[in-house]
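Please build the complete structure, drawing on both the sequences and the hints.
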Amino acid sequence: MTSAPATDKATAAAAEPKLVTVTIDGIEISVPEGTLLIRAAEQLGIQIPRFCDHPLLEPAGACRQCLVEVPDMGNGRGMPKPAASCTTTVMPGMVIKTQLTSPVADKAQQGVMELLLINHPLDCPICDKGGECPLQNQAMSNGRSDTRFHDIKRTFPKPVAISANVLLDRERCVLCQRCTRFSEQIAGDPFIDLLERGAQQQIGTAEDTPFQSYFSGNTVQICPVGALTGASYRFRARPFDLLSTPSVCEHCSSGCAIRTDWRRSKVTRRLAGNDPQVNEEWICDKGRWAFKYDDQPDRILTPLVRNEDGQLVESTWPEALERAASGLREARDRGGVGVLPGGRLTEEDAYAYAKFARTVLGTNDVDFRARPHSAEEAAFLAACVAGVTPENVSFDSLENAPVILLAGLELEEESAAVFLRVRKSTRLAKTKVFSIAPYASNGLRKLDGTLLQTAPGAEAAALAAFAATELTPGSVILVGERLATVPGALSAAVALAKKSGAKLAWIPRRAGEVGAVNAGALGALLPGARQVSDTTAREHVGLVWGAEIPTIPGRSTDEIVAGLAEGGLAAVMVGGVDLNDLANPAHAQEAFHRAGFIVSLEMRHSSVTKYADVVLPIASSAEKAGRYVNWEGRRRPFDLTITSTGMMSDHRALHALADELDVDLGLASVEAVRAEIDRLGTATDRPAAPTVAPGTAPQPNVDAPILATWAELIDAGRLQDGDDNLAGTAKPVVARLSAATAAAAGVSDGAVLRLTAAQSNGDGGAVLFTAQIDDLPDGVVWAPTNAAGHGLRAAIAADHGAKVAIAAASTANGGAAQ
Amino acid sequence: MPLTPVLTKRFGTMQPWKIANYEALDGYTGLRKALTMAPDDLIAMVKESNLRGRGGAGFPTGMKWQFIPQNDGKPHYVVINADEGEPGTCRDLPIMMNDPHSMIEGIIIACYAVRSEHAFVYIRGEAVHAIRRVTAAVNEAKAKGYLGKNILGSGLNCDITVHGGAGAYICGEETALLDSLEGKRGQPRLKPPFPATNGLYDAPTVVNNVGTLASVPYIVLGGADWFKKMGPEGSPGSCIYSLSGRIKNPGQYEAPMGTTLRELIDMAGGMSRGKELKFWTPGGSSTPMFTAEHLDTPLDFDSAVKAGSMNGTSAVMIFDEDDSVVLAVLKWTQFYEHESCGKCTPCREGNYWTAQILERIWHGEGTAEDLDSLLDICDNILGRSFCALGDGATSPISSSLKYFRPEYEALIPELNGSAGIAGKNKEEDKELTGATA
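Chains as they are written, first to last, in numbering that gives the first Met the number 0: chain C, 0 to 817; chain S, 0 to 436.
Treat the hints as calculated values from the structure; they're not laboratory data. Model, not experiment: these values are computed from the prediction. All residues carry an ideal CB built from backbone N, CA and C; glycine is no exception. Check the hints yourself; a few may be wrong.
[As the list claims (entries may be wrong)] Simulated restraints on C-beta separations: (1) C/Glu-206 - S/Glu-125: 22 to 30 Å; (2) S/Asp-265 - C/Thr-22: 54 to 62 Å; (3) S/Leu-189 - C/Ser-643: 48 to 56 Å; (4) C/His-149 - S/Leu-2: 49 to 57 Å; (5) S/His-162 - C/Gln-199: 42 to 50 Å; (6) C/Asn-273 - S/Leu-189: 19 to 27 Å; (7) C/Glu-206 - S/Leu-189: 12 to 20 Å.
Encoded structure:
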């Protein structure tokens, strides 16, 4: 088949922007049509000073710092006055003279700089921004050395806390509007704006409406002066005293590039890195401020061993490894050992668990899923996720998708960087978003999305009913981990993708899940998207590992927990798992209580170490090297940030433990793990996707309501411990329900609602929420999964789609009542 | 130069704002005639007439109308800038109070020409009386079928919304006005795109001044050639000059474009205190001031520029030899400091600074370097600010220093050797302001 050359040409012309040639400071350069002068100059290495300009924000032209002279607009005529290079686009034949060659431009810039400084306080010696301040730097490069201003500076009371995280110093502000433009254009949270006018103009919030945004930290980072500072970092350090290490965020599956600043073995702050393919230059507040979890009083720094009195006591590596090895050896021979690595590992660490299970413990009983899951999901992961690459769906392809269908996924809560990228496109009306969800969340509204209102459990039917014709070429279906709780939903998503030709991507919440799938940390999967059931695959992996791979596919997390409870399994080895994240925490605790032997690889004391016989301390994200695999399937490698802590990452601890069990795991270094992963490569075949028929969804009924739930971005997750300011950004804890549902339960809007499990007869747990009447299907009540002090799973073991009971609470104080 | 009144011909008649009286005096005949013409011919006629915008910049009105893209599938809007904030200007309010229908008629004709069905009159918030009067006139016009659906059976639909601003000088800048009209913070927009393609609600929009549109019915009736007979060829037509200050009879004087100050002072009965003319503004405080040497400068768009100033809003403020130019400039600068919208650095910070320097000079606390600083700050504002507000703010300072530098120097102790004169000013200011300092 050949395509017409004319079409090719047309396509090429459309793809290749037209070039425009201009002369800047005597140097000719060709740049795409529409390029701003300031960008064109950058390409020549000519830096024009600027404040309001930001490449990812719409031009403002407010600060006037970037004025240049344009002696020829390309038509022989010059611009009558200096032009703002951040708002002027190139014209063919244009001649531009910057401060380097034009006395007019230079004087204009010096003049603006002088004006910016007349009202600027001399805070530099105590200002957070000092040392990395564009105002300071550019005042040096493009300003006068002395001031002519001897009058009275304008002053404001300061600082003003515009949110729990962000403090505003109005005196330092140069009113560039980067923060307000970011909030409006990028985050969609326009809670800060300009107030007043003239020299009294200032940034501010509306009364009683704080700057409540998951992305507020970006404004601190892009503030070109010290006007916006982060509450957590304020007065903590000078930038020139810090070491900066490029790293990758460990929180969600976006895999955002970040920069970690640290000193004396402690992280001081984190900033957004710049990765145009992934997070561009933005991160969410969780990624920015949730890093103190590894520096809490409950941090474990030495191995711990349970003594004869049942107490965990400090031990040594040799003793702990010996105890762990002997316990595991015995358990392996007695009933087997299950492995629960958790969903937050690097690919290397997950690989080590996968290999350890097979080669040391001789079992396929390994499952990274520390959350509600299903066999259908395991089949889906094997068929559609294992070995996935950004070729399938990427951040960029989302930006160019005509339609994005979300199913069981709240982007702003579960994958904030993806939310920003999709919003970038929906804001320009390039992308249309549909969401299969019980109500239109604020995040969906900010995407200008269309709600396909669906009660929990009915997602499969909603996916089956979605018109495939809506999904025009290039469209994408994004599914969240919540669909594992809805029988048939993932199958229906696969079917819809097949029918429509749309791409399908799975966006889990945790950073390590895709990497764990690829590493084979799942019962039926081996590394590189291979099947345990596939003899050739077993042999291939077995050859590289020098071991025989067990043939029986492994058990799931729930089955492993059940095995421990029933005694079928003799021991469990656990990575970063919080039992409260499992579907039934109480049941899991009981199982762990009964378990014969538990080895825990942990950073901090947890619901698992409480029962553990041996605890091996492991490194936090900042203390190790590795790579996360993000939802796209993009590897996000990062090097060691904090050196010299001596903390071992999981794979090194497992290597040492294997050694003690007389197996050479061969995974002592990150390089060794990566080399082995490369040697194994990725299989090309995939098993068939699951075709589970939709289950009979419970019919919502105001008298027997169903729970809808998902975790919000800022909640009681343990990786958010230690930053009270960040916790202050969490959304108000509310339960949402329709007016009819509320009426049936005798709850009024704003009243306290008591949520219990359906079968509870009063002695089970309950969680209290403030009721909020919203547009939900009758008979559905939504509550956050793990809001601080309001954890649903721990209290009532109820999940998305569960039957619950609601009633008006007699007490007025919110919070969990057990 | 004598002129048969055009724009003010109904002023002084019995209740000229009533539609019955308006109709009795040729009212809405221009519209009837316009509706018989093709819209493009109307645009051509206004273009031919050389009518230039009365809001201050003097942009050719016909050209502005022609810029509106046609058959673009978007709604078009006509917005009337009745914010009239330039110090000394009081021309739109008398038109709206005395003869609101002339503006309304002009609006309907403009809507017909640019294919718009909705016009907005943005009136300065303080002018509640004008808001009421124009609203009443719009209702009258609606009742009579000049507004609404199928106007006079022509098939033209047109509605007018009267909107009161909140009182900000910047909202006289057309893009700030549009933002304000949209319910946003009134600050100037980045141009391009221009309102002609992306104006109100991102749709093609014509923004015209009250006086501009009030002239349109007469052009339609009298023809372009008749209109061009008044005043100079480059900026023809009739003009209402707002005369204030040291003259016997301050007020609005209609005269052909190109009338000189000498003629205007004569019309106003001469100088009020019998003193010599010292300085005056040809078109509001934002236009560089003139002196007695400019008494015979024709006041039209081109001649004023040639003489080093601008016609602006033809707000002529007249000061005599007993008036302090420094005090006048200080007051104007304080106005700009107060009204700067704050968006751009030069205007926001520059006016904050120049106001303080002028205050010090007036109080006898100026230094030798202040005058050069003032000029240099003006140089750093003029042509560097986002919109014309900053440019205009420098006019009184630079032009007064050009003509009256010795008067400034006389107030500066270092330069005059004594602080006597100005110390008095500070004491007087304290009395005036209640000694808040």
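Could you tell me whether the CB distance from C/Asn-273 to S/Leu-189 stays inside 19 to 27 Å?
Taking Cβ atoms as reference, C/Asn-273 and S/Leu-189 lie about 26 Å apart, which means the hint holds.
Can you tell me whether the CB distance of C/Glu-206 to S/Leu-189 sits inside 12 to 20 Å?
violated, 30 Å
Kindly confirm whether 48 to 56 Å is satisfied by the beta carbon distance between S/Leu-189 and C/Ser-643.
holds, 51 Å
Between the beta carbons of S/His-162 and C/Gln-199, is the distance compatible with 42 to 50 Å?
violated, 25 Å
Just tell me: holds or violated, for the beta carbon distance of S/Asp-265 and C/Thr-22 against 54 to 62 Å?
For S/Asp-265 and C/Thr-22 the Cβ distance comes to about 56 Å; the hint holds.
Does the hinted range 49 to 57 Å hold for C/His-149 and S/Leu-2 at CB?
At roughly 52 Å between Cβ atoms, S/Leu-2 and C/His-149 fall inside 49 to 57 Å, so the hint holds.
Looking only at beta-carbon atoms, does the pair C/Glu-206, S/Glu-125 fall within the given range of 22 to 30 Å?
holds, 26 Å
Going down the numbered hints, you'll see the structure goes against 5 and 7, while the others check out.
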